[in-house]
Every structure is written in structure tokens, then in C-alpha cells.
Amino acid sequence: MIALDPMLEGDVLWTPLLIVVLKVLVVFVVGLVATMLMVWFERKVIAGMQNRIGPNKAGPFGLLQTLADGIKLFFKEDLLPRRSDKFVFALAPFLSLVPAFLAFAIIPLGGDYRDGNDGVVTWFGVETRVQLADPHIGVLFALAISSIAVYGIMLAGWSSGSKYPLLGSVRASAQMVSYEAALGLSLASVILISGTLSTSGIVAAQSTLTDWHVVATGIVPFIIFLIAATAELNRPPFDLVEAEQELVGGFNTEYSSIRFALFFLAEFMNTVTMSALIVTLFFGGPQPISYGGITLDIPLIPNGLEGTIWLLGKVLVFLYVYVWFRATLPRLRYDQLMDLGWKVLIPGSLAWFMLLAAQRLARNEGWNVFTTTAAAVVVLGACYALLQGAFAISNKTREREGAQF
Amino acid sequence: MGYLGGFLVTFRQHGRKNRVTTQYSGGRLFKRKKRSASAMDVKVEKPERLHGRHVLNRYEDGMEKCIGCELCAAVCPAKCIHVRGADNDPDNPTSPGERFGWIYEINYLRCIHCDLCVEACPTEAITETKLFEFSFTNRKDAIYTKNELLVGDDGKPRHMPWEDWRPGEDQHTSAWMRATASAGDASFVGVVSWAGERGYGVRAAEATQAEADSSADTSITSDGTTSSSAQTKSSVTH
Numbered sequence: 001m002i003a004l005d006p007m008l009e010g011d012v013l014w015t016p017l018l019i020v021v022l023k024v025l026v027v028f029v030v031g032l033v034a035t036m037l038m039v040w041f042e043r044k045v046i047a048g049m050q051n052r053i054g055p056n057k058a059g060p061f062g063l064l065q066t067l068a069d070g071i072k073l074f075f076k077e078d079l080l081p082r083r084s085d086k087f088v089f090a091l092a093p094f095l096s097l098v099p100a101f102l103a104f105a106i107i108p109l110g111g112d113y114r115d116g117n118d119g120v121v122t123w124f125g126v127e128t129r130v131q132l133a134d135p136h137i138g139v140l141f142a143l144a145i146s147s148i149a150v151y152g153i154m155l156a157g158w159s160s161g162s163k164y165p166l167l168g169s170v171r172a173s174a175q176m177v178s179y180e181a182a183l184g185l186s187l188a189s190v191i192l193i194s195g196t197l198s199t200s201g202i203v204a205a206q207s208t209l210t211d212w213h214v215v216a217t218g219i220v221p222f223i224i225f226l227i228a229a230t231a232e233l234n235r236p237p238f239d240l241v242e243a244e245q246e247l248v249g250g251f252n253t254e255y256s257s258i259r260f261a262l263f264f265l266a267e268f269m270n271t272v273t274m275s276a277l278i279v280t281l282f283f284g285g286p287q288p289i290s291y292g293g294i295t296l297d298i299p300l301i302p303n304g305l306e307g308t309i310w311l312l313g314k315v316l317v318f319l320y321v322y323v324w325f326r327a328t329l330p331r332l333r334y335d336q337l338m339d340l341g342w343k344v345l346i347p348g349s350l351a352w353f354m355l356l357a358a359q360r361l362a363r364n365e366g367w368n369v370f371t372t373t374a375a376a377v378v379v380l381g382a383c384y385a386l387l388q389g390a391f392a393i394s395n396k397t398r399e400r401e402g403a404q405f
Numbered sequence: 001m002g003y004l005g006g007f008l009v010t011f012r013q014h015g016r017k018n019r020v021t022t023q024y025s026g027g028r029l030f031k032r033k034k035r036s037a038s039a040m041d042v043k044v045e046k047p048e049r050l051h052g053r054h055v056l057n058r059y060e061d062g063m064e065k066c067i068g069c070e071l072c073a074a075v076c077p078a079k080c081i082h083v084r085g086a087d088n089d090p091d092n093p094t095s096p097g098e099r100f101g102w103i104y105e106i107n108y109l110r111c112i113h114c115d116l117c118v119e120a121c122p123t124e125a126i127t128e129t130k131l132f133e134f135s136f137t138n139r140k141d142a143i144y145t146k147n148e149l150l151v152g153d154d155g156k157p158r159h160m161p162w163e164d165w166r167p168g169e170d171q172h173t174s175a176w177m178r179a180t181a182s183a184g185d186a187s188f189v190g191v192v193s194w195a196g197e198r199g200y201g202v203r204a205a206e207a208t209q210a211e212a213d214s215s216a217d218t219s220i221t222s223d224g225t226t227s228s229s230a231q232t233k234s235s236v237t238h
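Chains as they are written, first to last, in this note's numbering: chain Z, 1 to 405; chain E, 1 to 238.
Just so you know, the hints here were simulated from the structure itself, not pulled from any lab data.
In silico SDA-like pairs for lysine to any residue, Cα to Cα no more than 20 Å straight-line:
(1) Z:76 to E:138
(2) Z:72 to E:136
(3) Z:72 to E:137
(4) Z:57 to E:20
(5) E:146 to E:99
(6) E:17 to Z:52
Pulled from the structure, derived: some chain Z residues nowhere near chain E, Cβ distances all over 12 Å:
(7) 366
(8) 369
(9) 381
(10) 392
Even glycine gets a Cβ: it sits at the ideal position worked out from N, Cα and C.
My request is simple: use the sequences and hints to build the entire structure.
Written out as C-alpha cells, the structure is:
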């Protein structure tokens, strides 16, 4: 069995095959359109926050501005720097675009998860889930794919044969690799609570508001995940990769025309995907808001479709949050970025994971939960003190050796 | 609130109407509301000293002011001006004096409208209009030749097909230059040190600093009148 999707169990027939093809098409098109709208949304919202108007000429409310930009970029001259590594230079945009689309494949895009329904819908007499793929490894796939995206950026900078892109890509790989750890560790808390890696399983585990992992895991893993995801996406305030003031344009300085557009597309696609992933992991994905037996139900719409609407609404909130970040926060300095990643987020998420694990163990073994939690907190406090001690000593050593920073 | 206070600041701005962007005139919104073309397409007021597309002025008798000295080309930081002088034909001179501007070209793809050429010009031959609404669609159009830059017999700039001139707008060709004529010496403020221009004659002296301050915010409207708002700034004490 490759997938958990009930459609693909047993012999593979024509109808399931066609449904899969249809899903691929829909996910691809939805991804593209969502990206297009995301660019517009971001420009509009950030314009609003900066007392500007934003795009308003192409199409109603400027909706077609991205399309116009895309068409323009298609017809622009494609420059190939003389000192670039031609093959890798051409390959890099695709290496960053393809993962962006792949990660979108495991997001449950709808379906009825109420009353233990497991998100199964019936299409053309076949039971299936409203997501392209539901592999057992689920969220690990998302993590793996998001780290592959580093290669696109790294190779782009490396193959450009120019200084600033190289610096930008070195920053990018360091940043993405360090925040990957925090991302994975905060994800571990979610997996610990839900007991499954499969995204549809994770969604199914969040049937009521208190079961939403943002509440169930305590809010800390969510906050760490949100920050680490922002860094992983290279979005402001963590956009050191393309820090315009320092690096001209970062890793994509030498890119022009459609190759540049592909990077741009991948970046915004990743934002959409990451928002959807956050919603899936922490906010119940297509689940409606439900608390104490009362479910907010949108009347007249079948539950399967309603899931899509809920997901869309939740994703929109997070897209707004990302734009909000960009409008509000100034860019971090490079050492601040590394400090935040390694000294705060990774120990923080690790500690929280340990705390949750201790609680889970106490429940499984029948120990007193409060005593165990208290003991865990004491141990973690001691660890914190040790960590701070280590930082203090390393700072002193650094000063004694005459470092300049 | 510390760090999080900033989020409130940006959030409060979202949806407010105090936008700094000035909307372009015209467009879909106006078409949908079925407004007439003339009503919808009003240009925004411009400052009196705006730097726009250049003109080459002429004396009242029709002679060209340019003497082909190439000082404008020399001072141009964008290197967008190309001038070559030539000797005047004694029987049929183009400009008073020995030499005249034989070739005069400005490349508007390079011009940054810094106005240094205007300041450098010893005969006030080149000045800037208030027009910046000219967008060409090929590179040849971007290079204005002498024929295109030279004012017509009525003293007004030539209107190229791609330029968006409005009635009255072409009267403002040399307004701000008069303030800093004669090397910007303050003692020349309010003194006409400006030869007569074709179509205009000797233009009136510009207001002194004190006068200008008392009627601050002078700007040019699209119908060619100079409007000054009633708001009074405190005059500068010397």
C-alpha cells in the first residue's frame, strides 16, 4: 500500500487513475492561481499598511497585475552571464519551483472530517480524499521537500559567477539549514500529540477547538513553527537572502526574464504552501470551528465543500499574517538571525518537546502528571541555566581572544 | 507592548484612507462611472519650478539664443546632451554673434532632469518646461533633435505626438530660471536679467524671497494659470 487514500487500495482501475490525473491538474492550477492572487494580495495589503494604493489598474482592483507582470517577464530578454555555469544556472529555478509545487500535494484541501469521517468523499462512486497524495510519511515529506528548495537557491547563487549572488546563497543555505532544525523539532510536538505523520490523520485528530494542536501542544510549538517557517521561506524579517541594501538582489541578482519569474513564483508558492501547512498542523485544516459539541456550520453547503471554505479562510489569515510581518518588522542582522535560530528557537522547541513527552509518558505509565511536569520543568530549568552559562563562557572567551563583534 | 506594539501600528494603517499616493487620472474607474474624458483626465498641479522636457528659446526677433558653446553638454552628469556649434553665415545668421548651435540633441532615456544645463547656459537658451508626461515607444523618439527642441514662431514648444500637452501648459517654459539667473546671486533676485523671448517679450521679474514666502505654495494648474493658495508661511528673516 503506497498511500492511505482508500481510493488506491486494491487494484488500480481507470476511474481512480483519472481522478488522480484530475487532482494533479487541479492542484497545479490552484497552486498557480493561488500564487498569482497571493502576489496581488501581498501588494495590496502591504500598500494599505503603508498608506499607499497598490496595484489598481490591470483588471478589477488590479487583480490581473501579476498576470501582466508574468507576461512581461516572459517576453523579456533572457540574459546568461558569461561567467556563469550555464547548465546549473538554467537548472536552479526549476529546483526551487518544483519543490514548491510538490509540497502542496500533501495538503488536505477539503473533505468532511466531522464525526470521525476521516475526510473521505465520494467522487464518481470512488471513495477518496481531497488531497493529491496522502503518504504515510506525510509531514516528513513536507520537511524534506522544503529542504530541497535550499538547493535551488544555493545553486542559483553559486552558478551565477558573481559575488553578491554567492553571498546571498551562502546566507540562504546557512539560514535555511539552521531553521530547519527548529521547524522539525516543533513539528515533533505535533506528531507526538496526534500520533501520526499523515496530514489527513493530523487533521482528523483536531476535531474540536481544544483538540487543535495550537491548543493541544500549548502555543509554544506553533509560535516557533511560525517563526521558523518565516525564516525557511526567506520572508521578511528573515529575508537576508535577498537583502536588497546589502546584496543588490541576493541569489537572484543575475537572473532575468522568466527564470527570475520562476524564483518569484516559487517564493510566493512556498508562502501559500507553508500557510496551508501551518493551518493543517495547528489549526485543524478543513475542520470547522467546533467547541463543546457546537459546530459552526455553513448552511446549504455540503460538508465536503465546506472543508475547503474553512481551509481557505484559515490560510488567508496566515497569508495576511505573513504580509503583516513584512510590513512591520525590520530585517534582522545576520548574527541576530543565527542567535535567534540556534540559541532560542532550537533549545526552546526541544525543551517544549521534552515537556510534552514527559507528560505523555506520565499518562501512559500512570504516573502523577503534575509531579512529572514539575520535575520536567525543574530539569529543563537546570538545562536552561547550563545553556546560559555556556553562552556566558563562550562570550568571555571570545572577548579575550579579541574578536571584533 | 514592546515588540508587538509595531504590529498594531501597521494594522491600524490598513484600511485607512489617508493615502500618500496620488491617483493617476483617468482609467477604468472613470470609464465605469461614465465621466467625460475632459473631466476625468485632469493633471495634478505641478510646482512652479518643476523640471520637465527642455526647450531651446529664441530672441524676440526670431534668432536662436543658443551659441553652440557646448557648456550644457560639458556639465551634463548623464551625458545626454550632444551639441556641435558652427559658424554663422554672416548674411543670414541663425543666432546673434559668431557661432550657433548646429546640432543639438538631448537623449531623454538618459536625461535625469537635474537642470544643470539650464544653469550652465550663458545665454539662457535652454530651459525646462513643466511637461513630463511624454512617453515614447521607440528609442529614436527618445532623442530630441534641435528641430523638436526649438520653440516655434509663437515662442511655444513644439508638440510631439506622444507628448501630453494641455491648453496653456506650454506657456511655462522658463519660469524658475529667472530666480537664479546671473549665477544665482541674491542681489539679482527680482531684477530682470533675462533677454526677451520670442512670443513673450521680456518676462516680468520673479518675486523676491520675502514676497514668495508670503504667498507660498505657488503652483501651476493644468489650465495654465498660476494659483497661489492663501496659506501663509512665516517669512524668512535675513
